[in-house]
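Peer 1: Residue-level listing of the chains:
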Amino acid sequence: MTERALDFALMERALTEPSEMAALGRHPHWRVRYAAAIGMGETGDPAWLNDLRAIMAMEEERDLYGQPQVQEFIGGFDDTRAAELLAATEAVWETPPTPEQYDAWQCRGRVRQACILAVAAIGQADDAWRELLHRALRDPREDFVVKAAAAKALQRVGTRDSLPHLEFAVTLDEWCLSLESRKAITLLTTPETPGGSS
Amino acid sequence: MRHLLGSQPFLLDDLAALRTELLALGPDDGRRFELWRMVRDSARRAPDQFGWFVPFVAVVTQERADIDRARGIIDAYLRKMEPQSFSTGLQFHFWCFAFPHAKVALYFQWLCSIGAYTADEADAIGQRLLEYHFVNFYYGMRDKPEPECVDNQALSLVLSSTVVGHLFRRTDGGGPRMAEIMLRDGLRRLPGMLSELPASGYTGEGSDYMNCVVAPAIPLAVEVLERAGGLARVLEESIGTGEARPVSVLRMMARSFMPGGLLLPWDNYGYQFGVRSSLAYGAKRTGEELFFRVLDEEVIWTYDIGIGWAYDDLVWTLIWWPASHPLETAAAWRDWYEPAVGAAFATPLGDRYVMQMWDDSEPVYPTRAHVNPNAVLLNGFRVPLSADGSPTEGAPHRFQFDDTWREVSFLAMDSSTSYNFGDGCAGAHSVILLDGAEGMRATLDYPQVTSTAHDPRGWAWADVTPVYRENIPDVLEVSRLTQLHEGGIITIVDRVRSGEPHRVTSRFVMRPSATMIEGGVRVRTAEGVTVQIVDVDGASDISIEHADHVPAKPDDGSAIIDFSTESADLERVFVALISRELETDTPLEGAQVVPDAKGDLDYPTAVQRLRATDVRVPMNLPAYLEADLPAGQHWWYRLDVVKERRATWLRLPVGMHEARLFVGDEEVDLSPFRISGELIAPRIRVPQRFDDSERVEVILRVSVPRGHYDGEGWGTIGMTGGMGIGYEVEEEVIVAVDRDGPNLRVATTHRVHDLTIATVGVPPWTPGGGQ
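Just so you know, the sequences run in chain order A and B.
In this note's numbering, each residue's number is its place in the first sequence (first place is 1) plus 275.
In this note's numbering, each residue's number is its place in the second sequence (first place is 1) plus 332.
If you are wondering where the hints come from, they were derived from the structure by calculation, not from laboratory data.
C-beta: ideal position from N, C-alpha, C; glycine also.
Accuracy of the hints is not assured; some may be wrong.
So the derived label-pair ranges between C-beta atoms look like this [unchecked claim]: (1) A348/B x P371/A: 49 to 59 Å; (2) D628/B x H304/A: 51 to 61 Å; (3) T446/A x G831/B: 31 to 41 Å; (4) R516/B x R279/A: 22 to 32 Å; (5) D320/A x D504/B: 22 to 32 Å.
Produce the complete structure using the sequences and hints provided.
Peer 2: Set out below in structure tokens:
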């Protein structure tokens, strides 16, 4: 079996076998961890919160957003024009990236989004998780996709302490993040909702 | 795996019947044959350049060589996937990549269904396509707020996740889990994507997104929901919590075609050609005349316009080709009215056309849905007269206001982008302006139209006061009534009431070349179409200003025509008369053609070869798609033109690149049509010294796109329209206009038009009623 086929099989197990999710969440390949995080979220079981935080910790040790840009795409483009091409292309780098950078480029915030949306699906979080979510909203280097996921998760697990972070996120000029943040603020300031004022 | 890979090709219900039909087509079958021949021959002669045609051709012919070419295309895409991961395009604009990825997955499934892959190959490739979608585009779909996000981006992500999930899930319910999750979430969100669209069917994103993303997604979404989602009548009925019916999107897309085939330039991007597959689907599913008529009379048939970031519009047009025509019914088939959007009226032949829009603009940043309250667009003799659309990229222009710069940081890696959205504000449109507030826009979300009225006999009215009142609080009414009268004259009635006097300007943004005439202005396009716009009461100050670079197309600029007066209570009545100086409708057929393989043939050599060749083509497509010629980029044409002994004009094809024209050995300057010629057929004066000649030799040198990609992401129009010949005609000119209340007498050089401005159903205007 090729490494790619093996990864596919492991991703499938990470999505379907609760007994293996914790171990697969620590797998060296990020696609497997991504699938494991989604699999944990699919269960809706708060027992996974610590494992999800462990996956997040692995991601925090990686330089997810600092990789070099491609110098040129031979036969292709760097922008959306690449979408329309049915042709093999080759990425040319000024300095060839390390394997870690190469891997991080493809991953960026995918695993972090999967972890955070798993928390949103589970609907429970402790203060440490909330702190992670607040930090995601504030971190200027964080992908907007991850920030939007954090705002979405806070709709279910946020507290009034989350409000300043969400209000800050509303001011950031990105539609999905702004909308999810406004929804969270509404929920957290509406009586009789979890975390809402009473 | 027992999945769809080995079963019938998804969405091709009866492949055997489709194959029988297409393979039996011959020259007597008209356009469908020509289209199939073009798609087939492109795929065979230049598969790398026409990759989006290749899998379909293989599935239809099932010939080994075609299948091998299709496998090559799939393989090339697979080799693109990993490098593509490092593009800012994929990372920050994932929705653009999701839709074409799903199309490739679909074509791969078609190829599997005809045995183009072994089971092991199918499994390995299927896993790669599925995992790539799960990692990149399911991730993207989950970024879009549910259920609020209903736009082209979310639709692309949701629909593609549904398609890929459906294609790769096992039919016995045993996974893969990735496919099951994507199918589950896609099917949950897709109904809302359709039902939460605006009930009018117009998304406010302009013709480009309506034609190239939203409308092409509708047929696929409908078919997927009916087949994979177990729903029925998805096209005709609302299937979610919202009120929209998907067929409304198709109708609005069809309505966006103006006479001549260019789309309404509203809201963003400007004039362009429209797609065909959504029209074919609308015709096939509904049988409505609108779809047939636009398909028959307005679209172009050359390659190619992207749909969902893929150049397979013509493939789906062949698949959804409507079998029968409806009975011809309404002469006014071009007319439409949507209470939340606008209205359009045209004379039966489409020679005179006017559209008035009042769709809501986007508050704060009107990047897509522009501030164009009651803007009018004019079109005459199938040529656009008004100007609207995006500015020339990177060029400075007068609508870059100090307070309309925006810096965004979510579109690229580690960098921010600054752009100016001033061209989306009111001043860049043919609207009423108060106190010269060109940067007028909404800053809050509120209903931007107070009320509208309409009569199918030819008028529409809308009150668009709110956005003016937000900017100037004492404004009480800003409205416009547009009416197309029998005989083709257009009247426009502007009304403004306010607590204090304001400088009230009726602005018309028109194609360049405007001059003052008695009481108004005359605009003449490079194609010889004219419009005279006259202020009936003659009480306005009139100015004409040339605006460089706005819009980019068709002229890299426009004429800004202002009629202004200081007033607190104003009713201003305009008469607009569309006419023309030239008539070039007679086609010239049977052009001799020779290839110029390296693009280096000199004129004498080309002429010598042209005179000797027997190969003749109609010039509706690049020559290698009309005759048995090698796929090439450079061509020379020759016509021996028989003409009348007087001043003569030639109509040239649309979409020529690096064209050179020689008439009787004399080169004619085509540079004035360098930009407009991409969209509108150039009309060229034959040199005066040939006015008394009965024949002239016309030589045309043209380059054409090599395939899908020469447009570098903006679509590629491969020369179309053929050539025509024509002569001067007498322009109808306004001589006098007399008004008696709602009654107008317009005397022209041709006749007297007695008109009555609509009053029934239009709220009355009371002079002095502004307090």
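Peer 1: Please go over all the hints and tell whether each is borne out by the structure.
Peer 2: Comparing the hints with the structure gives:
no. : hint                        : in the structure
1   : A348/B x P371/A: 49 to 59 Å : holds, 51 Å
2   : D628/B x H304/A: 51 to 61 Å : holds, 55 Å
3   : T446/A x G831/B: 31 to 41 Å : holds, 35 Å
4   : R516/B x R279/A: 22 to 32 Å : holds, 25 Å
5   : D320/A x D504/B: 22 to 32 Å : holds, 27 Å
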